[in-house]
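> Here is what each chain is made of, one letter per residue.
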Amino acid sequence: MPMRARAILGRLLGVIPTLLITWTFVFGAMRLVPGDPVLLMLQGTPISDQAMEAARAKLGVDRPIVAQYLSFLGNAAMGDFGDSFRSRQPVTKLIAAEFPKTLELAVAGFLIGLVIGTTLGVIAGVRPNGWVDTVCMTAALVGLSLPSFWIGMILIQVFATQLQWVPVLGSGWDALILPSITVGLFLAGGLARLTRNSIIEVMGQDYIRTARAKGLTAVRVVAKHAMRNAMIPPLTLLGIQFALLIGGAVVTETVFARPGIGKLLVQAVLEKDFPVVQGIVVLTTGVYVLINVLIDIAYGIIDPRVAE
Amino acid sequence: MNAAAAAAAAAAAMPQQRSFLPRLLGAPGAVIGTVVIVVVLGLAAFAPYLAPYDWNATSQCRRLGPISADHWFGCDIFGRDIFSRVIYGARFSLAMGVTTVAISLVFGALLGILIAYGGGRIDRIGARVIDAMLCFPPIILAILIVAVMGVGLVNAALAVGISGIPRFARITRAATLTLVARDFVEAARAVGAGHARIVLRHLLPNLAPILIVIATLDLGGAVLFTATLSFLGLGAQPPTPEWGAMLNAGREYVRYAPWTMIFPGLALFLTVMAVNLVGDRLSLILDPRQRHRS
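Chains B and C are the protein sequences, given in the same order. Residue numbers for the first sequence follow the working numbering, beginning at 1 and rising by one. Residue numbers for the second sequence follow the working numbering, beginning at 1 and rising by one.
Honestly, I wouldn't trust all of these hints.
[Unchecked claim] Pairwise CB distance ranges (calculated):
| hint | chain 1 | residue 1 | chain 2 | residue 2 | range |
| --- | --- | --- | --- | --- | --- |
| 1 | C | G120 | B | W131 | 46 to 56 angstroms |
| 2 | C | L204 | B | L294 | 33 to 43 angstroms |
| 3 | C | Y49 | B | D80 | 52 to 62 angstroms |
Just so you know, the hints here were simulated from the structure itself, not pulled from any lab data. Think of the CB as a built atom: it goes at the ideal place given N, C-alpha and C, for glycine as much as any other residue.
Given these sequences and hints, build the entire structure.
Shown next, in the form of structure tokens:
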């Protein structure tokens, strides 16, 4: 056990250099933005030289670059990204207000994607190369090829505007249905393909033949024996799925005019609100890294073969 | 996935190239995909002859005018003919996809080869940096790059291209590492081949098949990705008839004029689907490990 604890601790500590590299990249990228940060912050408002100096000192841009870099790292580690150029509120506060809404969308979208994706994948993989397989895999490819912003607009048009089954806007659960389907479809295609390949591989294993030989029904063989093993590879790719979820959320929030991190980010880029951009990039990258490490650790616990 | 094994396997598959086209078109999906791609390329090439109206001329018809015999796809808010704009939009989609994938491929492969070939400390540090860069969700990295460089079609394409570099670098590095350890590289070195010759004559040809497979599989996603940035307002700007940008412009009028978003989106979907169908088939032919799976 201490061995495992040490391995887990090692993985967690391994996050630090990774985060350091990504944050350094973000810091460097932000220095490449053309123009004086104070002028960018004022966005055209005239200012006296004196006030300019004061603003430079307050932003810390009058200090040497190394000092700026170190304080950026320190502040980022503490979750402090300065104030928004636009609303003048702390970036952390803005993000904290929007984050739960994006999380809600991501979780709902993930569940929908998981259900659709694995169902298609299992159905296709159990009898590969038949017409059922072809239909399922074509559906998966359609899912991968659909522009999510387009399908989102079509869902709104059909189910909200024409049929009026669900509201377009709002904060209730029914307003979450169409956005989460949009995010879910984005995910389902890839997941279906992964699951299918995994199922095909598992179905050729000895223990499946044994289960069949015992006279178990086909459903039982698949549900009890094949599924559990076949789901391991797709689930280890959850980290990548998370990246897709973020992408899906950014687009979907814009389509549905839903508040959230993605909408905040796009808005910030369009308004040249750099502290907000920086804060969201650092945060999402941090969450992404952390999720991947946690999955890694969980994988080691679930499947002892990979732990060594 | 083991990129190195894929490279070796794909390399083994290459000699059978003589029957490449018949094999590529050996599945109905790939045939449909190829036809659609040829159509899109044709639209792009002959847009001025095929489009019934000027793509940017306003007041061709009633604002948000519906589908009619004169205007097959209806009209947008400025009274421009959507059918003509969709035809011109074909010029952006595949071109943008190919450009962005080429950027990712060339720079990613170069980086991967140099790191793996450099070996030792270069490889350790390089691999670390690549892994860290992969921790940016691609869309976040692309948006960050657009934020720095400014919005626009060219910058969006660069951003999508750059955000794909770490992925190609990692795959190339892994494949190169196994190649470097092989006898033929050792032999080349023994007869006095220089670094440039080993990389260009011995490593690159062996890496090409896997890189082609990955690039083809990425192409559909790249077309979609670039259009997504345009839809978000970060890529192509009005009045450019890019499909993603057209969808963004039509967003406000969807309720009254759904045709403003249906046709550009359909064109984008069909193009991406076609590229994915062909890409799937191509990877199946070039990568024999997958053959037993399908």
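> With reference to the structure, classify each hint as holding or not holding.
Verification of the hints:
no.: 1; hint: C:G120 / B:W131: 46 to 56 angstroms; verdict: 54 angstroms, holds
no.: 2; hint: C:L204 / B:L294: 33 to 43 angstroms; verdict: 39 angstroms, holds
no.: 3; hint: C:Y49 / B:D80: 52 to 62 angstroms; verdict: 59 angstroms, holds
Going down the numbered hints, you'll see the structure goes against none, and every one checks out.
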